[in-house]
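**Q** Single-letter residue listing:
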Amino acid sequence: MLSSHPPSRTMHPPERLTMSESTPLLALRGINKSFGVAHVLHDVDLAIYPGQVTALVGDNGAGKSTLVKCLAGIYPIDTGEYIFDGKPVSVHGPKDAGALGIEVVYQDLALCENLDIVENMFLGREKKSGIVLDETTTESKAREALTSLSVRTVKSVRQSVASLSGGQRQTVAIAKSVLWNSRVVLLDEPTAALGVAQTRQVLDLVRRLADSGVGVLLISHNLTDVFEVADRITALYLGRVAADVATKDVTSRQVVELITTGHSSDLDGAAAPSTTA
Amino acid sequence: MTDIITESEEAGFASDLTQSNTLGESVQAYISRVRGGDMGALPSVFGLVVLFIVFGFANDRFLSNLNMANLITQAGPIIILAMALVPVLLLGEIDLSAGVAGGVAACVMGVLMVEHDQPWGLAVLAALATGAVIGIVIGLIVAKLGIPSFVVTLAFFLGLQGVTLKLIGEGGSVRINQEVIAGIANNNMSVAAGWILAVAVIAAYAVLALLRHRRKVERGLQHQPFAVVVAQIVALGLVTLGVAFVLNQDRSVNPTFPIKGIPYVLPMIVVLLILWTFALGRTTWGRHVYAVGGNPEAARRAGISVDRIRISVFMACSTMAALSLIVQASVSGKVSSSSGAGNALLYAVGAAVIGGTSLFGGKGKARDAVTGGLVIATIANGLGLLNQASWINFVVTGGVLLLAASVDAISRRRRSATGI
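Chains as they are written, first to last, in my numbering: chain Z, 40 to 316; chain V, 322 to 741.
If you're looking for bench data, these hints aren't it; they were derived computationally from the structure.
All values derive from a computational prediction rather than experimental measurement.
Built from N, CA and C at the ideal position, the CB exists for glycine as well.
Just so you know, not all the hints are guaranteed correct.
Here are a few chain Z residues that sit away from chain V, every Cβ distance over 12 Å (derived from the structure) [stated by the list, open to error]:
| # | residue |
| --- | --- |
| 1 | 66 |
| 2 | 75 |
| 3 | 114 |
| 4 | 115 |
| 5 | 120 |
| 6 | 151 |
| 7 | 262 |
| 8 | 263 |
| 9 | 291 |
Under the rule of at most 27 Å between Cα atoms (straight-line distance), these lysine-lysine pairs were calculated in the DSS-like manner [stated by the list, open to error]:
| # | chain 1 | residue 1 | chain 2 | residue 2 |
| --- | --- | --- | --- | --- |
| 10 | V | 465 | Z | 134 |
| 11 | Z | 180 | V | 537 |
| 12 | Z | 167 | V | 537 |
| 13 | Z | 194 | V | 581 |
| 14 | V | 537 | Z | 166 |
| 15 | V | 581 | V | 655 |
| 16 | Z | 108 | V | 655 |
With the sequences and hints as input, model every part of the structure.
**A** Written out as structure tokens, the structure reads:
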């Protein structure tokens, strides 16, 4: 079983290095977003690389959720550049983001409890033959997606979601993004409500998702999770980017400082962009 | 790709069961599902058996061929109205005005046929269109203004009774003696046609079920054991042949004028049942109805137009209600100012809930309307034979509705506790 050897960041150091030097799959430059008088995001830069897990950390109210909703096209951005695959794009709604291959896995899971796993994975994008739902293709494809993530915790793909645990539900939600060949997956607090073993499963899954070449943005409060699975950490402090660093260059204490005060005294000046906070 | 993925691919999705191995295992799985609160059609079938035994002993005319045929024609309008309500209940909404909306539609039909001498086909189409328009208006108000459907349809329940009175005149009624419409409940198929229909239904079901089973096995999809599929075919076959046998016996009290054959309302219900089972179970629209009933927010995020689903469901409900009240007009031979008012709607809601459709949304099937409708009709029919005072009828039916809702609520709680 995979959980016996934790996914290691140091597994392929040379490969990781070249990846981090490659162009980001998705990049935001100088994003500003205000709600009335509340200026929530100040000149935020963010980069998501293919095959890497980028963690977005920050205290409550730092602007993490707003940033994710801007990425997902739910909130329009005021100023700044949205660059996908090296080209500037304009994202006006969730449909545009979906067309680019950006999938969001929300904190409050967007699953229907009365439907089974297959039905949930294809919800809103049902396959049809004629006017009839094509159950055979959908079931095979859903099983393929779960297999590719080596999900073995669910008993049957025809189980109703009501019978799944929190971790299994999170798994189904993540597997949905594999099904649709997403290129960027945004995970909003995927382990927030989970127990130890389930958190383990979901983190393994996140790692495997990234290893298959997907760019993953992981929003989390939990630094243990972040240090375990993330390649890069972007810290938000009061709507500004306090630091954008490689996980291996920082310690947990430094990240806590970044989250709580917006700067870390002994952090390498080159890694941490100066903050005005 | 790293070696993690390759390793897991070898291991595969190993623990995914694609079938429950034996008949015994699937029976056990069914029992544990029932114990876990997912009872499906069980309460209504059990209730029906109990009612048949009780009424059979209490009155020797209850099980007579004549009364069985009466029971089916009486159940017809209830079943169709319950079928109309199933999709609405699936959304977790309610349509209290379905009965009177159907009443208005039936009035339109009656007035067009009797007072304006229009052909019956045109009159029926006009009635269905009337139902559809009422449903669209209700759906628009519920979906776009966000008023709870309970309040909107309560307003329509009162308002539409006024419309019926206006169309038909105070206390009046329109006699329906047009051959086709009156024939729905009062004419019978020939004995030969009845047998052919019964055999055709069984054969079609068996072929479809076996083909489906074979396709699933071939593609390695999750499927039931072959024995269960065969058992289902045999059970359906026995019930169908049994009903056909009873209805094809002479049931006349006067030996010189034999009455036999299946009343036309029965094949009509079968067609509607197939249609609704298909629409809810095999189409994208049906899937989206379940999704909106289960979690509207998830449905919205999945890109489903929740408003459009709501409006279409209310439209379908009122249209079906129109059909129900047309059949009711055929049964009673008239359309009156009280058509669809009174307890017609509560009977239908009770039928759907007794059948196993949840009042909380997201769970239910078209066949629930048939089994539940038979239970409600049997209570009314049996108590009627026992010459009970009408107050008892009200009290018993109310009690049954409350009992069904309690079963629904308790089984829902058990389901969420056991996670089925």
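**Q** Next, verify each hint and record whether it holds.
**A** Right, here's what the structure says about each hint:
1. With a minimum CB-CB distance of about 25 Å to chain V, residue 66(Z) clears the 12 Å threshold, and the non-interface call stands.
2. The claim that residue 75(Z) is not at the interface with chain V holds, since no C-beta of that chain comes within 12 Å of its own (minimum 25 Å).
3. For residue 114(Z), the shortest C-beta to C-beta distance to chain V comes to about 15 Å, beyond the 12 Å cut-off, and the non-interface label holds.
4. For residue 115(Z), the non-interface assignment is confirmed: its Cβ lies about 18 Å from the closest Cβ of chain V, beyond the 12 Å cut-off.
5. Distance check for residue 120(Z) against chain V: the nearest CB is about 26 Å away, which clears 12 Å, and the non-interface claim stands.
6. Remark: the non-interface label on residue 151(Z) conflicts with the geometry, its nearest Cβ contact in chain V lying 4 Å away (cut-off 12 Å).
7. Look at residue 262(Z): its CB is around 24 Å from the nearest CB on chain V, clear of 12 Å, so calling it non-interface holds up.
8. Consistency note on residue 263(Z): stated as away from chain V, and its beta-carbon is indeed over 12 Å from all of that chain's, at 21 Å minimum.
9. The beta carbon of residue 291(Z) is kept farther than 12 Å from every beta carbon of chain V, the shortest such distance being approximately 25 Å.
10. Taking the CA atoms of residue 465(V) and residue 134(Z), the gap is about 22 Å. The hint holds against a cut of 27 Å.
11. The suggested pairing of residue 180(Z) with residue 537(V) holds, with an alpha-carbon distance near 14 Å, which does not exceed 27 Å.
12. Note on residue 167(Z) and residue 537(V): the hinted pairing holds, with a Cα-Cα distance of about 17 Å set against a maximum of 27 Å.
13. Restraint check: the Cα-Cα separation between residue 194(Z) and residue 581(V) comes to about 52 Å, which exceeds 27 Å; the hinted pair is violated.
14. Between residue 537(V) and residue 166(Z), the direct Cα distance comes to roughly 17 Å. Compliance with the 27 Å bound is thereby established for this hinted pair.
15. The straight-line distance between the Cα atoms of residue 581(V) and residue 655(V) is roughly 24 Å, inside the 27 Å bound, and the hint therefore holds.
16. Distance hint between residue 108(Z) and residue 655(V) is unfulfilled; the C-alpha atoms sit about 60 Å from each other, more than 27 Å.
Violation of the numbered hints given earlier is confined to hints 6, 13 and 16; the remaining hints are satisfied by the structure.
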